[in-house]
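All residue numbers for the sequence shown refer to our numbering, where the first residue is 0 and numbers rise by one.
Hints in this document: simulated from the structure, not taken from any laboratory.
Where is the CB? At the ideal position from N, CA and C, for every residue including glycine.
Don't take each hint at face value.
What the hints assert, rightly or not - Ranges between beta-carbon positions, derived for each pair:
no., residue 1, residue 2, range
1, Asn143, Glu178, 18 to 24 Å
2, Glu200, Ser74, 20 to 26 Å
3, Glu98, Asp75, 41 to 47 Å
4, Asp141, Asp171, 16 to 22 Å
5, Lys91, Asp161, 23 to 29 Å
6, Lys99, Asp141, 39 to 45 Å
7, Pro93, Asp159, 18 to 24 Å
8, Asp186, Ile142, 15 to 21 Å
9, Leu149, Ala194, 35 to 41 Å
Unchecked claim - Derived lysine-lysine pairs resembling DSBU-like cross-links, with alpha carbons at most 30 Å apart:
no., residue 1, residue 2
10, Lys164, Lys91
11, Lys198, Lys162
12, Lys182, Lys198
13, Lys172, Lys182
14, Lys181, Lys91
15, Lys181, Lys99
16, Lys99, Lys138
17, Lys138, Lys198
18, Lys172, Lys99
19, Lys138, Lys162
20, Lys138, Lys164
21, Lys91, Lys182
22, Lys182, Lys138
23, Lys198, Lys181
24, Lys99, Lys198
25, Lys172, Lys138
26, Lys181, Lys164
27, Lys198, Lys164
28, Lys172, Lys91
29, Lys198, Lys91
30, Lys162, Lys172
31, Lys182, Lys99
32, Lys181, Lys138
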Amino acid sequence: MLNRMIYQNCIFSLLALGMVACNQEQFSEISADENATFQTASKDDYEPVTGKKLTDVAGQTAVPIEEEGLSVSVSDNALPYVGRYHVVVDCKDPIVYCEKGTADFILNLLPDGTAHRTIIHAGSITFASEHQYRQDHWKYDDINHQIILLRMSGVEFFYDIDKDKNLIMNLDKIANESEVNKKFFQDGHPFPHEAYVIKRET
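Generate coordinates for the entire structure from the input sequences, incorporating the hints supplied.
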């Protein structure tokens, strides 16, 4: 019985040593492969990452997009409407998501076809909330002389353009133009209380 126990312990010890030795060989092979990979990479293989300092962009409503490398995706007849638009909205209107006072509703239409909506209340922006800042797309409808804001949710907002190139919300078209719009507002999303005139800033 004692011999059998010693024999089992010896077998177990040999198996354990064999497994450890196999693992060390496998580890040595992996380390050699990784080492060769690291040695072939040089500092020329990496491109420096550029960015902006916080002090360069502090106080800006939205960080300007570097236009280098962007292709203009709006039509030539839409380019005169590229710019920044602004209106002050009373907090009683649920589209600005604030409780009291007023909020600044800012719409930036960029030449690459993106539209940035920002809501500022009491001088602060909360970037954590999708209600305060959104990036959408826009296009110009030359038949109806309107700007169409294509929101990420699939809803389209329509703005008539006046003689001074200000944007006026077309509430009837916003509410009824498509089934997507109708369902969006039936589901309880806020609808503007009035047809705001969003003034072009010069």
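For each hint, the structure was consulted:
1. Against the hinted window of 18 to 24 Å, the Cβ-Cβ separation of asparagine 143 and glutamate 178 comes to about 19 Å, which satisfies the hint.
2. Judged by the Cβ atoms, the range 20 to 26 Å given for glutamate 200 and serine 74 holds: they are separated by roughly 22 Å.
3. For the pair glutamate 98 and aspartate 75, the beta carbons lie near 43 Å from each other, so the given range of 41 to 47 Å is met.
4. Our hint of 16 to 22 Å for aspartate 141 and aspartate 171 holds, since their Cβ atoms are close to 20 Å apart.
5. Separated by about 25 Å at the C-beta atoms, lysine 91 and aspartate 161 satisfy the suggested range of 23 to 29 Å.
6. Remark: the range hint 39 to 45 Å for lysine 99 to aspartate 141 is upheld by a beta-carbon distance near 41 Å.
7. Between proline 93 and aspartate 159, the C-beta spacing of about 22 Å keeps the proposed range 18 to 24 Å intact.
8. In this structure the hint that aspartate 186 and isoleucine 142 lie 15 to 21 Å apart at CB is violated, the actual value being about 30 Å.
9. As the Cβ distance of leucine 149 to alanine 194 is approximately 19 Å, the hint placing it in 35 to 41 Å is violated.
10. Only pairs whose Cα atoms come within 30 Å are accepted, and lysine 164 paired with lysine 91 is accepted, the gap being roughly 27 Å.
11. Proximity of lysine 198 to lysine 162 is assessed by CA-CA distance (about 11 Å); at most 30 Å being required, the pair is judged to hold.
12. Our distance criterion of 30 Å between C-alpha atoms is met by lysine 182 and lysine 198, whose separation comes to about 29 Å.
13. Of the supplied pair hints, the one linking lysine 172 and lysine 182 holds, its CA atoms being roughly 14 Å apart against a limit of 30 Å.
14. Of the pairs offered as hints, the one joining lysine 181 and lysine 91 holds, with about 22 Å between alpha carbons and a cut-off of 30 Å not exceeded.
15. Of the supplied pair hints, the one linking lysine 181 and lysine 99 holds, its CA atoms being roughly 28 Å apart against a limit of 30 Å.
16. Under the criterion of a C-alpha separation no larger than 30 Å, the hint pairing lysine 99 with lysine 138 is inconsistent with the structure, at around 33 Å.
17. Proximity of lysine 138 to lysine 198 is assessed by CA-CA distance (about 18 Å); at most 30 Å being required, the pair is judged to hold.
18. With a CA separation close to 29 Å, the supplied pair lysine 172 and lysine 99 stays within the 30 Å bound.
19. The straight-line distance between the Cα atoms of lysine 138 and lysine 162 is roughly 18 Å, inside the 30 Å bound, and the hint therefore holds.
20. The hinted pair formed by lysine 138 and lysine 164 meets the criterion: a straight-line CA distance of about 15 Å does not exceed 30 Å.
21. Between lysine 91 and lysine 182, the direct Cα distance comes to roughly 23 Å. Compliance with the 30 Å bound is thereby established for this hinted pair.
22. Taking the CA atoms of lysine 182 and lysine 138, the gap is about 22 Å. The hint holds against a cut of 30 Å.
23. Among the hinted pairs, lysine 198 with lysine 181 is consistent with the structure: their alpha-carbon atoms are about 27 Å apart, no more than 30 Å.
24. Simply put, lysine 99 and lysine 198 have alpha-carbon atoms about 23 Å apart, close enough for the 30 Å limit, and the pair holds.
25. Using a Cα cut-off of 30 Å, the hinted pair lysine 172 and lysine 138 holds, with the two alpha carbons roughly 16 Å apart.
26. Taking the CA atoms of lysine 181 and lysine 164, the gap is about 28 Å. The hint holds against a cut of 30 Å.
27. Our distance criterion of 30 Å between C-alpha atoms is met by lysine 198 and lysine 164, whose separation comes to about 8 Å.
28. At most 30 Å may separate the alpha-carbon atoms for a hinted pair to count; lysine 172 and lysine 91 meet this at roughly 22 Å.
29. About 20 Å separates the Cα atoms of lysine 198 and lysine 91, which keeps this hinted pair within 30 Å; it holds.
30. A threshold of 30 Å between alpha carbons decides the hint, and for lysine 162 with lysine 172 the separation of about 20 Å falls inside it, so the pair holds.
31. Proposed proximity of lysine 182 and lysine 99 is supported: the alpha carbons are some 28 Å apart, at most 30 Å.
32. For the given pair, lysine 181 sits about 21 Å from lysine 138 by alpha-carbon distance, which is consistent with the 30 Å threshold.
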